[in-house]
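Colleague: First residue of the sequence shown? That's 1 in the UniProt record's numbering, and the numbers climb one at a time after it.
Treat the hints with care, as some may be off.
To be verified - Below, in silico cross-link-like pairs of lysine-lysine (PhoX-like), each with a Cα-Cα straight-line distance of 25 angstroms or less:
#1 K268 to K285
#2 K215 to K160
#3 K328 to K351
#4 K366 to K328
#5 K312 to K362
#6 K268 to K248
#7 K242 to K260
#8 K372 to K313
#9 K325 to K299
#10 K325 to K351
#11 K362 to K321
#12 K206 to K155
#13 K319 to K260
#14 K366 to K312
#15 K268 to K319
#16 K206 to K195
#17 K332 to K362
#18 K319 to K299
#19 K319 to K285
#20 K313 to K351
#21 K285 to K321
#22 K110 to K99
#23 K299 to K285
It should be emphasised that the hints constitute simulated quantities derived from the structure, not laboratory data.
Model, not experiment: these values are computed from the prediction.
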Amino acid sequence: MSLASLLPAPAHRPYQEANDDDLERAYSKLTTVAVPKRQPPPYGLRRNWIPRSQEDFGDGGAFPEVHVAQFPLDMGKNRNKGSSSSSLPVKLDSEGRVKYDALVRQGHSKDRVIHSRFQDLIPAQISKEDDPELQRPDDDEIAEVTEKTRLALEKEVASKVAAAQPTHVPPQQGGAQYIRYTPSQQGLSFNSGAKQRVIRMVETQKDPMEPPRFKTNKKIPRGPPSPPAPVMHSPNRKVTVKEQQDWKIPPCISNWKNAKGYTIPLDKRLAADGRGLQDPHINDKFAKLAEALYIADRKAREAVEMRAQLEKKVAQREKEKQEDKLRKLAQKARDARAGIQNASDKSHDEKERDQMRYERHKDREKERRIAKAAPDK
Numbered sequence: 001m002s003l004a005s006l007l008p009a010p011a012h013r014p015y016q017e018a019n020d021d022d023l024e025r026a027y028s029k030l031t032t033v034a035v036p037k038r039q040p041p042p043y044g045l046r047r048n049w050i051p052r053s054q055e056d057f058g059d060g061g062a063f064p065e066v067h068v069a070q071f072p073l074d075m076g077k078n079r080n081k082g083s084s085s086s087s088l089p090v091k092l093d094s095e096g097r098v099k100y101d102a103l104v105r106q107g108h109s110k111d112r113v114i115h116s117r118f119q120d121l122i123p124a125q126i127s128k129e130d131d132p133e134l135q136r137p138d139d140d141e142i143a144e145v146t147e148k149t150r151l152a153l154e155k156e157v158a159s160k161v162a163a164a165q166p167t168h169v170p171p172q173q174g175g176a177q178y179i180r181y182t183p184s185q186q187g188l189s190f191n192s193g194a195k196q197r198v199i200r201m202v203e204t205q206k207d208p209m210e211p212p213r214f215k216t217n218k219k220i221p222r223g224p225p226s227p228p229a230p231v232m233h234s235p236n237r238k239v240t241v242k243e244q245q246d247w248k249i250p251p252c253i254s255n256w257k258n259a260k261g262y263t264i265p266l267d268k269r270l271a272a273d274g275r276g277l278q279d280p281h282i283n284d285k286f287a288k289l290a291e292a293l294y295i296a297d298r299k300a301r302e303a304v305e306m307r308a309q310l311e312k313k314v315a316q317r318e319k320e321k322q323e324d325k326l327r328k329l330a331q332k333a334r335d336a337r338a339g340i341q342n343a344s345d346k347s348h349d350e351k352e353r354d355q356m357r358y359e360r361h362k363d364r365e366k367e368r369r370i371a372k373a374a375p376d377k
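Generate the whole structure from the sequences, applying the supplied hints.
Modeller: Dropping the structure here:
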């Protein structure tokens, strides 16, 4: 038994140096795959084309004919743009509760007094009436503050008046200041060999004829408005059945359109119409107007009837006159034909009697017509 039979089989193939023929044979078997490189379109064909990635620039700069913001190699791009956020961080008070008044304090300074808590509505309790913070100032303190205010105002007015004088020279705002300067580099080759220097610092004289350096007419945005008043809501209470019924809003149902073809009950249509929500109220003047119109109509009818009767009577009278005239002419013609004496030959008494007889006949005829026209009167 040999040693080679006891050893396990090798896991890897033994290394053999390859000759030139083997290398050429291996390279010939490999196939080269060309990776397509992304290139921008040529000049003149870049209409409606926008570079989206760094490969679109083709290792070059921005394209001037493409009118969009371009950042080749991320040059000029704000890298911290995504880190900014408008959300407020959650803050807790000393008792561990969330401070929701941070929304109200947004945009205001930290020293501004904003009432946003329930404790701000409770009146302050005055423990001691003799508290010195609650006492009014005495006469000496009032006189002292008044004198300080007067002196400050006089100084301000005097400086303004003096500045308006043509021969006024503005004084120095401050005297000369002496500063001891010790350089960090010590040695003969630095600072001319001096260990310290004394610097005299004075303020430069301002030229009165110098134009203003800064623009003062620049419009700045207005500051934030006053904080809103705190709104205190009442505690939640259970909704009653009546309130639930009052909040039931009928659906909007059109009386002209029904695109879906739904079968809508009549009561739902009336409920959506809103007629039952209005109480009918009739004004009292409608009855007065109706009565006045009825009276006017009745009087107009009576007037028309009386006018028609009067016209009828006038026409009847004219007709009777015409018939009487024709009757007289016929009687006269008959008398003349029979040779009877003419009515003009009668005596005066006969004419008077005939006249009286004719008038009585007319009166009786008139009374007969009146009784016939109005039997109730």
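Colleague: Checking one constraint from the list: CA of K285 to CA of K321, max 25 angstroms. Satisfied?
Modeller: Violated: K285 and K321 sit about 54 angstroms apart, past 25 angstroms.
Colleague: Verify the proposed pairing of K110 with K99, using a straight-line Cα cut of 25 angstroms.
Modeller: Holds - the C-alpha atoms of K99 and K110 are around 14 angstroms apart, at most 25 angstroms.
Colleague: Is the straight-line distance between the alpha-carbon of K242 and that of K260 25 angstroms or less?
Modeller: violated (33 angstroms)
Colleague: Quickly compare the C-alpha distance for K215 and K160 to 25 angstroms and report which way the hint goes.
Modeller: OK: K215 and K160 at ~23 angstroms, within 25 angstroms.
Colleague: Can the restraint linking K206 and K195 be considered satisfied, given a maximum Cα separation of 25 angstroms?
Modeller: violated (34 angstroms)
Colleague: Hey, K328 versus K351, does the alpha-carbon distance stay inside 25 angstroms?
Modeller: holds (15 angstroms)
Colleague: Given the hint that K313 pairs with K351, test it: the Cα-Cα distance must not exceed 25 angstroms.
Modeller: violated (29 angstroms)
Colleague: Verify the proposed pairing of K206 with K155, using a straight-line Cα cut of 25 angstroms.
Modeller: At roughly 22 angstroms apart (the allowed maximum being 25 angstroms), K155 and K206 satisfy the hint.
Colleague: Holds or violated: K325 with K351, Cα cutoff 25 angstroms?
Modeller: holds (17 angstroms)
Colleague: Compare the distance between the alpha carbons of K366 and K312 with 25 angstroms, and conclude whether the hinted pair is satisfied.
Modeller: Distance ~14 angstroms between K366 and K312 Cα, so the pair holds.
Colleague: Does the structure keep K268 and K319 at a Cα separation of 25 angstroms or less?
Modeller: violated (73 angstroms)
Colleague: Holds or violated: K362 and K321, Cα atoms, limit 25 angstroms.
Modeller: holds (11 angstroms)
In summary, the numbered hints that this structure violates are 1, 7, 9, 13, 15, 16, 18, 19, 20 and 21.
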